[in-house]
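Student: So the sequences go chain by chain: W and A.
The first sequence begins at 1 in my numbering and counts up by one.
The second sequence begins at 405 in my numbering and counts up by one.
These are calculated hints, taken from the structure and not from any lab test.
Just so you know, even glycine gets a beta-carbon here, dropped at the ideal spot from N, CA and C.
Check each hint, because a few of them may be wrong.
Claimed, not checked - In silico DSBU-like pairs for lysine-lysine, Cα to Cα no more than 30 Å straight-line:
hint : chain 1 : residue 1 : chain 2 : residue 2
1    : A       : 664       : W       : 359
2    : W       : 397       : W       : 185
3    : W       : 387       : W       : 359
4    : W       : 387       : A       : 664
5    : W       : 222       : W       : 111
6    : W       : 222       : W       : 185
7    : W       : 276       : A       : 707
8    : W       : 387       : W       : 397
9    : W       : 185       : W       : 387
What the hints assert, rightly or not - For the chain A half of the interface with chain W, some residues (derived, Cβ under 8 Å), not all of them:
hint : residue
10   : 417
11   : 695
12   : 773
Claimed, not checked - Label-pair restraints from in silico Cβ distances:
hint : chain 1 : residue 1 : chain 2 : residue 2 : range
13   : A       : 435       : W       : 397       : 54 to 62 Å
14   : A       : 631       : W       : 208       : 41 to 49 Å
15   : A       : 561       : W       : 343       : 35 to 43 Å
16   : A       : 671       : W       : 397       : 15 to 23 Å
17   : A       : 667       : W       : 104       : 52 to 60 Å
18   : A       : 605       : W       : 208       : 39 to 47 Å
19   : W       : 387       : A       : 530       : 41 to 49 Å
20   : A       : 665       : W       : 387       : 20 to 28 Å
21   : A       : 708       : W       : 263       : 21 to 29 Å
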Amino acid sequence: MDLNDTPEQAAYRAEVRAWLEQNAQHAPATRGRGDEEQAVAAHRAWQRRLAEAGYVGVTWPAEHGGQGKGPLHQVVINQEIARAGVPGILDAIGVGMLGPTLIAHGSDEQKQRYLAPMLHADEVWCQLFSEPAAGSDLAGIQSRARQEADGSWRLSGQKVWTTNAQFASYGLLLARTDPDAHKHKGLTMFVVPMDAEGVTIRPLRQISGEPEFNEVFFDDVKLEPGAEVGPVNGGWGVALTTLMFERLTIGAGSEGMGYRADRFARAIASDPVAAKDPEVRARFGELATELLALRFTGYRLLTAISRGQIPGPEAGMGKITAVNGAIAAGDLIADVLGPEALDPESEWSYLISFLPGLKSAGGTEEILRNTVGERVLGLPPEPRLDKGIPFSELRAKERQEVAS
Amino acid sequence: MNFDLSDEQVLLREAARDAFSRVRTVEAAREALEGGELPDLWSTARQAGWTGLLLAEEHGGAGLGAIDAMLVLAEAGRVLAGVPLLGHLPATALAESGGCDEGTLAKLASGELRAAYVPARPGDDVDPAWTAEPRSGRRRAPAPDVVRGDEGLATVSGSVAWVPDAVGAGLLVVVGVDASGPVAVAIDASADGVTVEPARGVYDATRPLAHVRFENACGKLLAAGEEEMRRAWFLAHALIAAESLGAVEECLERSVAYAKERYTFGRAIGSYQAIKHALTEVLRRQENTRSLLYYAGWAYESKPDEFAAAASAARASGGAALDFAAREVISVHGGIGATWEHDAPLFFRRAQLSRRLLGGTGDAVDRLAGELLTGSAAAA
């Protein structure tokens with residue numbers, strides 16, 4: 001058992017660290033409130049600089065502009081970026097999840113056209129999967145794409161929880177193309193230009209008041225022939241690839257979520273009375289136990305990743321531990337500091353406001369527990385009413401039940 | 405980065421599971437509650453080489469680490485095996501680091517001589533005093549008094565309650581205090597002034613406990629430093645956590661198996677979210693405990709500054725996990741799970757008693773908080 005680098009990793013780490021020391025002066029401040037356009041431009045430039053040095057998409061194959069390295073190299077970069085106190089790349093979603101999906105399922109033309117500008121942040125991407133009525137049950141999406149005689153598509157519908165949509169050039173979008181098929185069978189994945197006619201982007205403000213996400217509306221948007229990624233009506237398999245890379249990204253970055261026991265300890269220790277208070281200590285010790293477990297479970301996960309294993313659904317348990325541990329920490333710190341902790345300028349105010357939404361992000365706690373219960377523990381599934389019937393009939397049935 | 409067991413460690417774990425599987429330990433745990441004899445697992449431990457697990461090879465031991473000890477204890481915990489390693493292993497580590505004589509170490513390694521660790525809780529950021537387990541209540545007892553004598557001898561006076569594995573041990577490795585601070589002394593259990601009173605009506609009969617009294621009992625002064633005496637305390641915590649992990653694994657396996665085969669309202673109860681989510685919570689706590697035990701094992705060898713925090717976190721996590729799992733295995737089985745004939749109550753008894761040993765799980769939670777709040781475990 002060893003948390004140290006191999007000699008090869010150590011050499012790579014030294015190289016990354018030296019590069020960051022030389023280039024940190026060009027890094028923008030971590031994204032704050034100021035002028036968004038300026039901030040985005042600065043973050044684009046920072047990603048480009050990292051990409052030119054070969055530190056973006058290191059796990060991508062060399063033929064697509066990557067370095068063909070293993071996921072632990074990505075972990076080293078993440079760790080060194082965190083250590084240097086500089087921001088990561090602007091388009092982590094594109095580079096971490098959508099690019100690899102295009103590499104796995106896209107046509108040669110798509111790879112040729114989209115991957116290099118994505119890597120350099122010339123074109124930022126967004127993920128258009130979730131909808132107001134389809135989150136945990138993602139295959140229930142209702143955005144509809146119809147093919148015209150000339151092979152082009154017409155797209156209508158609404159997506160939500162879309163990070164970076166306001167400055168993205170493209171989105172990877174899951175739409176229903178055959179409503180008469182079973183819900184998983186009639187879906188297709190598309191590349192959508194975000195500046196196309198009929199695309200409307202609206203910021204979606206969160207509890208903190210900050211717009212962390214967007215809603216995106218599609219009103220009869222025309223997509224050129226060849227906009228589909230992977231087979232027509234084979235979009236569910238493509239989406240599963242994206243979700244697998246999402247788990248890998250989260251797994252490789254689990255240390256970087258910032259929910260560390262030592263960070264919360266400093267806030268509590270700043271009040272010497274609280275630091276000796278048995279109730280505060282009991283609450284802090286319990287949540288610190290969880291967050292330390294999260295950290296060392298993360299190392300087990302990284303060990304598995306370094307051996308070429310893809311994290312399974314059990315990796316989702318880490319999210320449950322992280323969110324609930326951080327919620328407990330925010331509550332405790334606010335109890336110790338009092339109303340001051342809820343001042344809009346306080347880092348704790350932001351943390352406290354951010355976490356209730358995070359609880360549902362990437363799958364609610366309940367759906368994660370269902371998946372882990374069934375796929376890891378092998379417990380029998382809940383009886384399902386959506387199996388074996390066309391999606392259109394399922395929707396009709398749902399509407400009828402609500403009406404009766 | 406390699407945060408997983410080595411092939412040798414996997415083999416060690418399998419060998420331990422295999423060795424325990426030859427004895428009807430769970431049945432014995434029930435029979436012992438009604439006065440039955442516990443199977444002799446000390447000879448199993450000796451044959452397997454676990455008695456000298458932590459001792460250096462030059463002292464006749466296996467030269468293995470804390471993580472290896474935890475793997476064996478986890479397998480013992482899985483089948484509620486009453487093997488007195490919780491008392492023996494920290495005692496051997498303390499004896500060796502305290503420069504105990506070669507002859508004694510060789511006997512401890514082979515298991516010819518069985519030792520028991522008579523613990524004292526190290527002081528912390530709130531109260532620096534070293535203290536002992538009280539018979540009852542929240543006020544901690546003073547650690548035994550040590551008076552240094554000539555020729556490396558010392559006399560010990562005082563009481564320590566609820567000492568694991570002291571009954572029948574040949575050597576007691578006691579942590580007491582004198583004016584300079586904590587002191588470790590190795591005392592022959594048959595020496596004048598030593599009383600080992602078996603605790604009556606122990607809730608978990610696989611876990612012999614004793615109240616140990618010293619009245620000017622004479623033993624050999626060990627040259628262990630304060631850091632080694634702290635390590636012994638936290639090692640014992642990590643070993644309790646390891647036992648808990650094994651018991652949690654068993655509770656979860658039994659719960660899952662039953663949830664698949666028991667039907668209500670036309671479907672397996674494991675298909676209901678209420679059951680499914682509770683069992684995933686057992687799994688979550690189980691894997692968290694495993695990660696923290698790896699952390700403790702790694703810190704013991706490579707990050708001694710963090711061992712107190714790591715072992716305390718493991719103890720806190722393991723205690724809470726077993727508490728939860730042992731109640732859940734009863735709930736999943738319904739009323740029958742709370743009957744004498746069922747095995748679930750044996751795991752419940754283990755959970756109830758274990759979480760209250762050596763300061764209790766709550767003390768481990770407080771210790772972790774103290775370590776982190778004072779920055780002792782800076783990197784954590």
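Student: Next, verify each hint and record whether it holds.
Tutor: Hints, one by one, checked against the model:
1. With a CA separation close to 29 Å, the supplied pair residue 664 of chain A and residue 359 of chain W stays within the 30 Å bound.
2. Only pairs whose Cα atoms come within 30 Å are accepted, and residue 397 of chain W paired with residue 185 of chain W is accepted, the gap being roughly 19 Å.
3. Restraint check: the Cα-Cα separation between residue 387 of chain W and residue 359 of chain W comes to about 28 Å, which is no more than 30 Å; the hinted pair holds.
4. This hinted pair checks out: residue 387 of chain W and residue 664 of chain A have alpha carbons roughly 21 Å apart, not beyond 30 Å.
5. Between residue 222 of chain W and residue 111 of chain W the CA atoms are separated by roughly 21 Å; this keeps the pair inside 30 Å, and the hint holds.
6. Distance check on the hinted pair: residue 222 of chain W and residue 185 of chain W sit about 23 Å apart at the alpha-carbon level, within 30 Å; holds.
7. Among the hinted pairs, residue 276 of chain W with residue 707 of chain A is consistent with the structure: their alpha-carbon atoms are about 26 Å apart, no more than 30 Å.
8. Taking the CA atoms of residue 387 of chain W and residue 397 of chain W, the gap is near 13 Å; set against the 30 Å cutoff, the hint holds.
9. Our distance criterion of 30 Å between C-alpha atoms is met by residue 185 of chain W and residue 387 of chain W, whose separation comes to about 11 Å.
10. Restraint check, residue 417 of chain A versus chain W: the minimum CB separation of about 14 Å is more than 8 Å; hint violated.
11. Residue-level restraint check for residue 695 of chain A holds (minimum Cβ-Cβ distance to chain W is 4 Å; threshold 8 Å).
12. Contact between residue 773 of chain A and chain W, as hinted, is supported at the beta carbon level, the nearest pair being about 4 Å apart and thus within 8 Å.
13. Checked against the given bound of 54 to 62 Å, the beta carbons of residue 435 of chain A and residue 397 of chain W, roughly 58 Å apart, stay inside it.
14. A beta carbon spacing of about 46 Å between residue 631 of chain A and residue 208 of chain W agrees with the range 41 to 49 Å that was offered as a hint.
15. Checked against the hint of 35 to 43 Å, the C-beta distance between residue 561 of chain A and residue 343 of chain W comes to roughly 57 Å, which is inconsistent with it.
16. About 21 Å separates the C-beta atoms of residue 671 of chain A and residue 397 of chain W, a value consistent with the hinted range of 15 to 23 Å.
17. Range check, residue 667 of chain A to residue 104 of chain W: about 42 Å between beta-carbon atoms, so the 52 to 60 Å window is missed.
18. Under the hint 39 to 47 Å, the C-beta atoms of residue 605 of chain A and residue 208 of chain W, about 57 Å apart, miss the expected range.
19. The hinted range of 41 to 49 Å is not satisfied by residue 387 of chain W and residue 530 of chain A, whose Cβ atoms lie roughly 59 Å apart.
20. Between residue 665 of chain A and residue 387 of chain W the Cβ separation comes to about 23 Å, which falls inside the hinted range of 20 to 28 Å.
21. Between residue 708 of chain A and residue 263 of chain W, the C-beta spacing of about 23 Å keeps the proposed range 21 to 29 Å intact.
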